[in-house]
Amino acid sequence: MSTKTRFIISLVFSLPLALTMVGLMLPGDKLTMWALATPVMVFGGYPFFVGAWSAFKHRQASMDTLVALGTGVAYFYSLYALSAGTEVYFEIAALLITFILLGKLFEDLTRNRASNAIEKLVGLQAKQATILRDGKEVSVPLDEVRVGDLVLVRPGEKIAVDGKITQGSSTIDEAMVTGESLPVVKGVGDIVIGSTINKTGSFTFEATKVGSETLLAQIVELVRRAQNSRAPIQKLADKVSGVFVPVVLILAILVFNVWFVLLGSSFVASMLFAVAVVVIACPCALGLATPTALMVGTGRGASLGILIKSGEVLEAANNIKYIVFDKTGTLTVGRPVVTDIVGDEAEVLRTAAALEAVSEHPLASAILDRAKAEGIEVAKTSDFQAVEGKGVTGKLAGKPVAVGNRALMEGLQLSATAFGEEMARLESQGKTVMMIVEAGSLIGLIAVQDEPKPMAAEAVADLTARGFEPVMLTGDNKATAAAIARAVGITNVIAEVLPGDKADHVKTLQQRGKVAFVGDGINDAPALAQADLGIAMGSGTDIAMEAGGIVLVKNDLRDVSRALTLSHKTFGRIRLNLFWAFVYNLAGIPVAAGMLVPLGLTLNPAIAGLAMAFSSVSVVTSSLMLRYSKL
Amino acid sequence: MDKIVSLVTSALAIGFIVWWFFGKHQDEAQVAEMAEGVQTVEILVDGGYQPRVVQLAAGVPARLIFNRKDPSGCLEEVLLPDFGVSRALPLGEKTMIEIGPQTAGEYKYTCGMQMFSGQVVVK
Chain X
1 MSTKTRFIIS LVFSLPLALT MVGLMLPGDK LTMWALATPV MVFGGYPFFV
51 GAWSAFKHRQ ASMDTLVALG TGVAYFYSLY ALSAGTEVYF EIAALLITFI
101 LLGKLFEDLT RNRASNAIEK LVGLQAKQAT ILRDGKEVSV PLDEVRVGDL
151 VLVRPGEKIA VDGKITQGSS TIDEAMVTGE SLPVVKGVGD IVIGSTINKT
201 GSFTFEATKV GSETLLAQIV ELVRRAQNSR APIQKLADKV SGVFVPVVLI
251 LAILVFNVWF VLLGSSFVAS MLFAVAVVVI ACPCALGLAT PTALMVGTGR
301 GASLGILIKS GEVLEAANNI KYIVFDKTGT LTVGRPVVTD IVGDEAEVLR
351 TAAALEAVSE HPLASAILDR AKAEGIEVAK TSDFQAVEGK GVTGKLAGKP
401 VAVGNRALME GLQLSATAFG EEMARLESQG KTVMMIVEAG SLIGLIAVQD
451 EPKPMAAEAV ADLTARGFEP VMLTGDNKAT AAAIARAVGI TNVIAEVLPG
501 DKADHVKTLQ QRGKVAFVGD GINDAPALAQ ADLGIAMGSG TDIAMEAGGI
551 VLVKNDLRDV SRALTLSHKT FGRIRLNLFW AFVYNLAGIP VAAGMLVPLG
601 LTLNPAIAGL AMAFSSVSVV TSSLMLRYSK L
Chain R
632 MDKIVSLVTS ALAIGFIVWW FFGKHQDEAQ VAEMAEGVQT VEILVDGGYQ
682 PRVVQLAAGV PARLIFNRKD PSGCLEEVLL PDFGVSRALP LGEKTMIEIG
732 PQTAGEYKYT CGMQMFSGQV VVK
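In the order they appear, the protein sequences are chains X and R.
Letter 203 of the first sequence, counting from 1, is numbered 203 in this note's numbering, and no numbers are missing.
In this note's numbering, each residue carries its 1-based index in the second sequence increased by 631.
Bound-form chain X, shown alone (with noise of 0.2 Å):
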């Protein structure tokens, strides 16, 4: 039988009942009121009781010795005053019932509401997806896709797992993996993220990754931890929960004795103060106040793109004073870009273009962007030699040609002094800044540098207006780190850090207030580590999901602000709700004892039973609060 059939047949048999309480007399009398508590006895109650005597058997008492407890003295007792033609209290022992199954019927209700962030996750799955096998088009079950398949993908379709375009073009929709609200427009080369939704073009693409290795996999895997973990702050909760029921029990038998000894009050009126003990002390609201928080703060993180990865971490992320960011790839695109051109723009681009297209070179590919960028065709250069350190020299239409650094200047004995103020000039904004030489002269410079992302400037400009203190953690050289830090306004940097220092310069500042820092996962591991709080910023499906506690599934610096704001709200909650779950046990339970008996305040066991009953459900509707809270 559900709760909810239990509910109805208590309710039903419960409702005359209840107006015996505000004084009306039932045809029968008492007899009647025994034929009505009695269904909702062996309906209501029998969970309860079940529970209860199974978990005796067993040396231990839950919420359903309380209950049954509770309900079970009232009822018996009520059966021998039957008897012994004294005042019954039928009514409390079903209303009580009544009350405990609305009370779980709601919470159930809400928790499920609270838990299925993950459902929908797992649910966001495409079932099929078209491969290309031997040059036919076949539709295969999900789990039958491999690494190294070609899938298709038409408009409209989701696409099944991660991996690469290798044909074709698209729109794509990957709000519900990345939290990205804007289609993202993708080509031959990009990454596609498994169960986003592919909109006006049709493309193909070559499985990468596929079943657990899947981007939607880990973020599942990685909530569905977090919503098992648990709070520090939750331990005392924890540690009482245990003893918690035995203990309520003796001091209920205490309670009786005070006053039925003590203060010479009747057996009844002692009876019922003891009853109303046991009733309010149900420790439902206490367990529920964390795991339920932590389940709706995780779910709303994930569906924004925002990993928490535990409880912890929300206490961890607390009190944060530092915000440190690791430079390249964090603040900065992580690419360098051309951003200066000095000279006879084309032919100093032709020029280099044409000598970079065979280097390895990381600036290279700046160049070349550009030149593609501005359609500049790339000549075929003799010769080529790179010169480890300097740059590369070659032949372009049998005339002699460099492209470097002073250096290799230098060494081919030219000066730089034709272009000595713009130089100069580049150098002092951060910019690595080469030289291109033609037939034995400075023809031009391009300026090379790694720009800071879009939206870095806001993201910093809105945590230092929130009161926290940014500051820049990178292994480039001075001028460079400054302009990087001017630009996004930060003015707290700490420039010419060797990769193995940054969790050292961390802890520095750990000396002086809590750090949070941010990173991409995969250089800074060990920074992420040392941190108060690690947030790891992700770009595509290679998210280091190990690195920090925090997770940035988009490359979106605003998010850091976001995910603070959420774990802080979401502790807040959790503080919350087992300030009141505490209030709700400790608070009630003297007032049952009946320690306001001196101001006239008694709590009816029933009422005692709703009050319970409330606890639990108000401190899940609080976790449910925290979906519609801004962030």
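The set of hints was computed from the structure by calculation and includes no laboratory data.
Treat the numbers as computed from the prediction; the structure is a model and nothing was measured.
We treat Cβ as the ideally placed atom computed from N, Cα and C, and that holds for glycine.
Treat the hints with caution; some may be incorrect.
Lysine to any residue pairs mimicking SDA-like chemistry, simulated, CA-CA at most 20 Å apart [unchecked claim]: (1) X:K57 to R:I648; (2) X:K57 to R:E737; (3) X:K127 to X:G148; (4) R:K634 to X:G264; (5) R:K700 to X:F43; (6) X:K57 to R:F652; (7) X:K4 to R:L722; (8) R:K655 to X:R59; (9) X:K4 to R:P702; (10) X:K507 to X:A529; (11) X:K209 to X:I165; (12) R:K634 to X:S266.
Beyond 12 Å from chain R on every Cβ pair, some chain X residues (computed) [to be verified]: (13) T65; (14) V138; (15) T200; (16) K209; (17) L222; (18) P246; (19) Q429; (20) P454; (21) F468; (22) A479; (23) P590.
Got chain X; can you put chain R on it based on the hints?
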């Protein structure tokens, strides 16, 4: 007279509660059975967990089979926080939970509200 009866009965009841719930009742750890590189142990969920303490070998994939016989709502969910597991246990069914115990130690497992608990000992 009533009062003396009440006091004596209460003292006995309290004594019983303390002895019954808090007394030292040693649980024998049940060692998981090893077969084909997987260790398996069945736990009966009926008014608590039996056996309460299960012993697993470190580094071997383990299957905990929870057999829920108890309709009590308290036991409808089992948590193994150290292994990141929370699982609903349908009544009258055996639910298999697979974990990979790596490090030796004692890990608690509890019901959804942590009033019932058991222990996984990894050696």
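Could you grab the alpha-carbon distance between R:K634 and X:S266 and see if it respects the 20 Å cut-off? holds (11 Å)
Interface-negative label, X:V138 against chain R, beta-carbon threshold 12 Å: holds (32 Å)
Distal placement of X:T65 relative to chain R, Cβ over 12 Å: violated (9 Å)
Keeping to a limit of 20 Å between CA atoms, is the pair of R:K655 and X:R59 held or broken? This hinted pair holds, its Cα atoms lying about 11 Å apart.
Given pair status - R:E737, X:K57, alpha carbons within 20 Å: violated (25 Å)
Would you assess whether X:L222, listed as outside the interface, keeps its beta-carbon beyond 12 Å of every beta-carbon in chain R? violated (9 Å)
Proposed proximity, X:F43 with R:K700 (alpha carbon, max 20 Å): Measuring from Cα to Cα gives roughly 19 Å; hence the hint holds.
Below or equal to 20 Å on CA atoms is what counts here, so check X:K209 against X:I165. holds (13 Å)
X:T200 non-interfacial with respect to chain R [C-beta, more than 12 Å]: holds (39 Å)
Would the hint linking X:K507 and X:A529 be met if the CA-CA limit is 20 Å? With Cα atoms ~11 Å apart, X:K507 and X:A529 stay inside 20 Å; holds.
Over 12 Å from every CB of chain R: does X:P246 meet that, or does the non-interface label fail? violated (4 Å)
With d taken as the least Cβ-Cβ distance between X:P454 and chain R, does d exceed 12 Å? holds (36 Å)
In terms of the numbered hints stated before, the structure departs from hints 2, 13, 17 and 18, listed from lowest to highest.
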